[in-house]
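Asker: If you want the building blocks of each chain, they are given just below.
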Amino acid sequence: MTFNLTLSGSDLLLLLPEMLLTVWLCVVLIVDFAMPRLPKDRLAYLSVGGLAAVLVNLLWFDRAGVTGTLFANMFVVDRLAVFFKLFIVGATILIILVSVDYVRRFRFFKGEYYFLVLMSALGMMFMASANDLLSVFITLEFSTFGFYVLVAYLRDDVASNEAGLKFFILGVFAAGLLAYGISLVYGETGKIVFSDIASASPTPGLVIGYLLIFAALGFKIGAVPFHSWIPDTYHGAPTPVTAYLSIAPKGAAFAILLRMFFVSLATLKPAWVLLLVGASILSMTYGNIVAIAQRNIKRLLAYSGIAQIGNILIGLAAGTKMGGDAILFYLLTYLFANLGAFAIVIAVGNLIHSDEIEDYNGLNRRSPFLAFAMLVFLLSLAGVPPLAGFIGKLYIFLSAINEGLYTLIIVGLINIVISMYYYLVVVKKMYINEPTDPSPLTISTPMKAVVYAGLAGTLILGIYPQPFIDWVVAATLMFSNLAGHTAAAPTILPFGG
Amino acid sequence: MFDLLVILIPALPLVAVLLNGLLGNRFSHDAAHRLACGSVGLSFLSAILVFAQTLRTGVVREVMVYRWIFGGDLTVNLAFLIDPLTCIMLLVVTGVGFLIHLYSIGYMHGEEGFTRFFTYMNLFMVSMLLLVMGNNYLVLFIGWEGVGLCSYLLIGYYYGRVSAAKAATKAFVVNRIGDAGFLLAIFLVFVNFNTLDYTQVFAQAGQLSTSMATAITLCLLIGAVGKSAQIPLYTWLPDAMEGPTPVSALIHAATMVTAGVYMVVRNHVLYDMAPVAMTTVAWVGGGTALFAATIGLVQTDIKRVLAYSTVSQLGYMFLACGIGAYTAAIFHLMTHAFFKALLFLSAGSVIHALAGEQDIRKMGGLRRKIPWTHGLFLVGTLAIAGIFPLAGFWSKDEIMAHAFTHGYYVLYVMAAIGAFLTAFYMFRLTYLTFYGQSRVDHHVAEHIHESPGIMIGPLVVLAVLSVVGGFPGVPPESGWFHHFLHPVAAAAGEEPAHGAGVGLLTMLMVIATLIALLGWGLAHYLYSVRPDAAQQWAARAPQVYTTLLNKYYVDEFYDLVVVEPTKRLGLLWDWFDRSVIDALVLGVGRMTQSGSALSTAFEKYVIYGLINVLGYGNHRAARSWRKLQTGKVHHYAAIIVAGLFILVHLILVWWTGSSGVGVALK
Numbered sequence: 042m043t044f045n046l047t048l049s050g051s052d053l054l055l056l057l058p059e060m061l062l063t064v065w066l067c068v069v070l071i072v073d074f075a076m077p078r079l080p081k082d083r084l085a086y087l088s089v090g091g092l093a094a095v096l097v098n099l100l101w102f103d104r105a106g107v108t109g110t111l112f113a114n115m116f117v118v119d120r121l122a123v124f125f126k127l128f129i130v131g132a133t134i135l136i137i138l139v140s141v142d143y144v145r146r147f148r149f150f151k152g153e154y155y156f157l158v159l160m161s162a163l164g165m166m167f168m169a170s171a172n173d174l175l176s177v178f179i180t181l182e183f184s185t186f187g188f189y190v191l192v193a194y195l196r197d198d199v200a201s202n203e204a205g206l207k208f209f210i211l212g213v214f215a216a217g218l219l220a221y222g223i224s225l226v227y228g229e230t231g232k233i234v235f236s237d238i239a240s241a242s243p244t245p246g247l248v249i250g251y252l253l254i255f256a257a258l259g260f261k262i263g264a265v266p267f268h269s270w271i272p273d274t275y276h277g278a279p280t281p282v283t284a285y286l287s288i289a290p291k292g293a294a295f296a297i298l299l300r301m302f303f304v305s306l307a308t309l310k311p312a313w314v315l316l317l318v319g320a321s322i323l324s325m326t327y328g329n330i331v332a333i334a335q336r337n338i339k340r341l342l343a344y345s346g347i348a349q350i351g352n353i354l355i356g357l358a359a360g361t362k363m364g365g366d367a368i369l370f371y372l373l374t375y376l377f378a379n380l381g382a383f384a385i386v387i388a389v390g391n392l393i394h395s396d397e398i399e400d401y402n403g404l405n406r407r408s409p410f411l412a413f414a415m416l417v418f419l420l421s422l423a424g425v426p427p428l429a430g431f432i433g434k435l436y437i438f439l440s441a442i443n444e445g446l447y448t449l450i451i452v453g454l455i456n457i458v459i460s461m462y463y464y465l466v467v468v469k470k471m472y473i474n475e476p477t478d479p480s481p482l483t484i485s486t487p488m489k490a491v492v493y494a495g496l497a498g499t500l501i502l503g504i505y506p507q508p509f510i511d512w513v514v515a516a517t518l519m520f521s522n523l524a525g526h527t528a529a530a531p532t533i534l535p536f537g538g
Numbered sequence: 006m007f008d009l010l011v012i013l014i015p016a017l018p019l020v021a022v023l024l025n026g027l028l029g030n031r032f033s034h035d036a037a038h039r040l041a042c043g044s045v046g047l048s049f050l051s052a053i054l055v056f057a058q059t060l061r062t063g064v065v066r067e068v069m070v071y072r073w074i075f076g077g078d079l080t081v082n083l084a085f086l087i088d089p090l091t092c093i094m095l096l097v098v099t100g101v102g103f104l105i106h107l108y109s110i111g112y113m114h115g116e117e118g119f120t121r122f123f124t125y126m127n128l129f130m131v132s133m134l135l136l137v138m139g140n141n142y143l144v145l146f147i148g149w150e151g152v153g154l155c156s157y158l159l160i161g162y163y164y165g166r167v168s169a170a171k172a173a174t175k176a177f178v179v180n181r182i183g184d185a186g187f188l189l190a191i192f193l194v195f196v197n198f199n200t201l202d203y204t205q206v207f208a209q210a211g212q213l214s215t216s217m218a219t220a221i222t223l224c225l226l227i228g229a230v231g232k233s234a235q236i237p238l239y240t241w242l243p244d245a246m247e248g249p250t251p252v253s254a255l256i257h258a259a260t261m262v263t264a265g266v267y268m269v270v271r272n273h274v275l276y277d278m279a280p281v282a283m284t285t286v287a288w289v290g291g292g293t294a295l296f297a298a299t300i301g302l303v304q305t306d307i308k309r310v311l312a313y314s315t316v317s318q319l320g321y322m323f324l325a326c327g328i329g330a331y332t333a334a335i336f337h338l339m340t341h342a343f344f345k346a347l348l349f350l351s352a353g354s355v356i357h358a359l360a361g362e363q364d365i366r367k368m369g370g371l372r373r374k375i376p377w378t379h380g381l382f383l384v385g386t387l388a389i390a391g392i393f394p395l396a397g398f399w400s401k402d403e404i405m406a407h408a409f410t411h412g413y414y415v416l417y418v419m420a421a422i423g424a425f426l427t428a429f430y431m432f433r434l435t436y437l438t439f440y441g442q443s444r445v446d447h448h449v450a451e452h453i454h455e456s457p458g459i460m461i462g463p464l465v466v467l468a469v470l471s472v473v474g475g476f477p478g479v480p481p482e483s484g485w486f487h488h489f490l491h492p493v494a495a496a497a498g499e500e501p502a503h504g505a506g507v508g509l510l511t512m513l514m515v516i517a518t519l520i521a522l523l524g525w526g527l528a529h530y531l532y533s534v535r536p537d538a539a540q541q542w543a544a545r546a547p548q549v550y551t552t553l554l555n556k557y558y559v560d561e562f563y564d565l566v567v568v569e570p571t572k573r574l575g576l577l578w579d580w581f582d583r584s585v586i587d588a589l590v591l592g593v594g595r596m597t598q599s600g601s602a603l604s605t606a607f608e609k610y611v612i613y614g615l616i617n618v619l620g621y622g623n624h625r626a627a628r629s630w631r632k633l634q635t636g637k638v639h640h641y642a643a644i645i646v647a648g649l650f651i652l653v654h655l656i657l658v659w660w661t662g663s664s665g666v667g668v669a670l671k
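Just so you know, the sequences run in chain order F and W.
With our numbering applied, the first sequence closes on residue 538, and no number is skipped along the way.
With our numbering applied, the second sequence closes on residue 671, and no number is skipped along the way.
FYI, nobody ran anything at the bench for these hints, they're computed from the structure.
Keep in mind it's a predicted model, so treat the numbers as computed, not measured.
Please note that a few of the clues may not be correct.
What the hints assert, rightly or not - Selected chain F positions facing chain W (in silico; Cβ < 7 angstroms):
1. 120
2. 248
3. 249
4. 331
What the hints assert, rightly or not - Footprint (simulated), chain F over chain W, 3 or more residues, beta carbon under 8 angstroms:
5. 170-176
6. 186-193
7. 556-567
Quick reminder that beta carbons are idealized off the backbone N, C-alpha and C, glycines included.
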């Protein structure tokens, strides 16, 4: 077979954001080594500066509609990829800002922390552009690699080491699955580019192959039953890393999932709808019910994250353009609410050195701002209007109901009720319980900036979501041809699923 | 101008929320409550103007604020619908709300978090107004959830009270069960009509199949049952009495809990198409009316008695909806808002006078000490008991008469028994609180005082409304109220009961009055004439008494069947995650550990050895390079990867890219 690797100046333009970031992460690394006396906080702002440049670059791509493919269709730049890259870069900026106080407490390797975060971001940006199975494997592993290190970053902390080890072992296992899946698909079809495989007819090998790939991606997003690494890893990892892990890689993985299911497998939809419905129901139910039993806020958010992924999978199960829109929008709402909640956890953890929910008692009296912000974020996660999470859930449920997935909707709604309970437990502790130590808490400026960003995002996406909806609708135009069955009024009682 | 007025109604309290919420700690208490009450007062004024305009022109208006969501097949605006139904709700919500805000100034005086209290109250007003004004299901739903949130925050208002915290959580979670049903209904509406606007939905309602209409309306009913505390989701409301009393009056009696009734009436076009759902509504309402009244008989907390009475009265409203008497439902909603707010606030005045005491076994003989409160409470009692010609008489009688004349005899009997019980337990409450021997603790008794004017004033207004509030609905089924609401209820095919003669209606009124008087008489006998008789009766049937006192053990049942199993499952799965998965991973981990010991040794002797040899060769370079050699494997890896990427990029950019011509690799 023939590979044509052609590159021109205009082709390279497509790689500009990645190249910028690559250069920048090297700059950060070199500055770290070359200027040992430079306060490491500066490296954080240096990183944010570079990311801001990448962000501007991506915004320009988005506005100007720069699109194209590179390396024989391996690497694609389209509206979808740009959306996810913006998502990842935005999340990374916020993560670096919430990390500043936390990293200051490290005894070693403060500077390398930022380098590793940037490197993971780079890997995920490539994931967003991955357009064939080979690049899926490479980019997925590349992005995970940084995380293996980051999770185990607290080298004196047994929990962190254990988390890193577990994440690594299970991650390698998932990588094995992915490689095996890819080899099967390639063996069956002789093709690796998503859009080429689309035409292939299903064979057992192909189906198994895709299942294996789905398992590996399911591992990445933490969908039940591939979620087992999530609670321990989230618990043990440095909290900013947990926050990062809970958002950015999931977004990037959804870029791949969308391309895989909506492009390669579009014609086989009847075969995979049940798979996704099952994964969604399991994730929602398992995540929500186990979350009730949690006493540690990081574990609580870990399980809540599993449940949220279950919600997002609803959109994937819908398998229509509207489902795609809903996924993108939901990810945005999740970005702000979840990251905001983690920002509070980091801030509180920095101040009181505890992540136990018990220690959130009376937070409202110690810092009304933190408590209010946490309230908004948790309610958004629970889907209370008019906050962002509500629109996200509404959108995703509507996309599914258009496809007649009533069972899924009903389970989803029941799960919203369950989730309310454990989110409220935290709210109750913050607002109604008495604090054991009533001394007021104050937080640093970068942290405040992130909390404000989270609040702004959560409120704006809820109250005036229109521009963002326009954006996600434009980003998923490539899925317009997906046929869902139209919303013709069902005439019989539709409680079959 | 009209549009601006309409928008101002919810906007004014919203501004107050923002100001008090963001800057409240810089305001004095006076400024905070002036802002809060003033905004609600102005919004009441706007509501009156809007009402007057609607009354004059009779035109239904939709006021657009902005396009909220548009994507896929869905367009939803933040827009308001102003029709007679909305007008009535607006007047009730802002009017009663304003009076309760005024009362709160006195009641909450000196409480910690005074500004916070008013911020939540105003936020509640905003949500409630969105709820009744929205022109589509989604705006209704925002308000619906918003009032739930404010209810949550206000129930849990008192710091550190465990019971309050539990009650607040319970209220929110139970409400969310209802909301799940409501959301499902919204989804079904969307699937069938591709829009969520009332006017469009109702216009196309005819094309709906009966089964689909039934599905939608039953799902809506689940939502209504949660919010309006009907069987089987009523358990949260009595617990919600943990909140401050003005909150109980505003949210848990006059406004929020009636949202379910409003929603059913608003959707009556759909309900009319689904006889099964209508019957369900009627029976849920009738059952609740009776059931809650029986529990109210034996409760000893003044606010809990009122809470069960609220549940019971809401049952009457649902009953009215279920038998198609929508106007009567809204009529009862309005009069109930007057007299129940009056009762709650007077009860608050009693509690205020007794320094927080709520147990009626520790009251008695308060008539002379707090005469104003006594008089006002008595008016409320007469009104709710349905004594002619107070407000409650007209509205309750209309519901019962409708049931009787339309052939719902069983429901009529249930409602009649409920009315008897209502009169009984309300007069029981009055007698135990204000009459007989004082059972007040001595140290409390010394400080009993009448409440300040700012609290009594609003009560007087409410008392007047409780007396005259029924007259707009006179004569029954063709009063001014019915004519005004006619455009809304007309489509329902609701017609005045032509078949029923004046004689029959009069007879029903007489019967209703007799029932109420009978309840009063029994209470008078048991709690005034022979004060020990009540205890004898209770002793004669201990099982019945205990069952009632424990509210039929429904809470315990729900805990046993739903709450505990869910928690246990959570714990079980958590254990599974922690132990089984851990064991698996750690097993693999141990294996890896032994492997890693080997590789560490390799690293130590072989790789370091190499580096040292190199370093010896070039001392100076080694010194600077050592910085890269931090001794951690992950640094090596990071550097290798970074290096690799730089190389790849360099090659791509300079070697192949600069030529501008593609290089073909075969």
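Asker: Each hint should be assessed against the structure and marked as holding or not.
Answerer: To see whether the hints hold, each was checked on the structure:
{"no.": "1", "hint": "120", "result": "violated (15 angstroms)"}
{"no.": "2", "hint": "248", "result": "violated (27 angstroms)"}
{"no.": "3", "hint": "249", "result": "violated (23 angstroms)"}
{"no.": "4", "hint": "331", "result": "holds (5 angstroms)"}
{"no.": "5", "hint": "170-176", "result": "holds (count 3)"}
{"no.": "6", "hint": "186-193", "result": "holds (count 5)"}
{"no.": "7", "hint": "556-567", "result": "violated (count 0)"}
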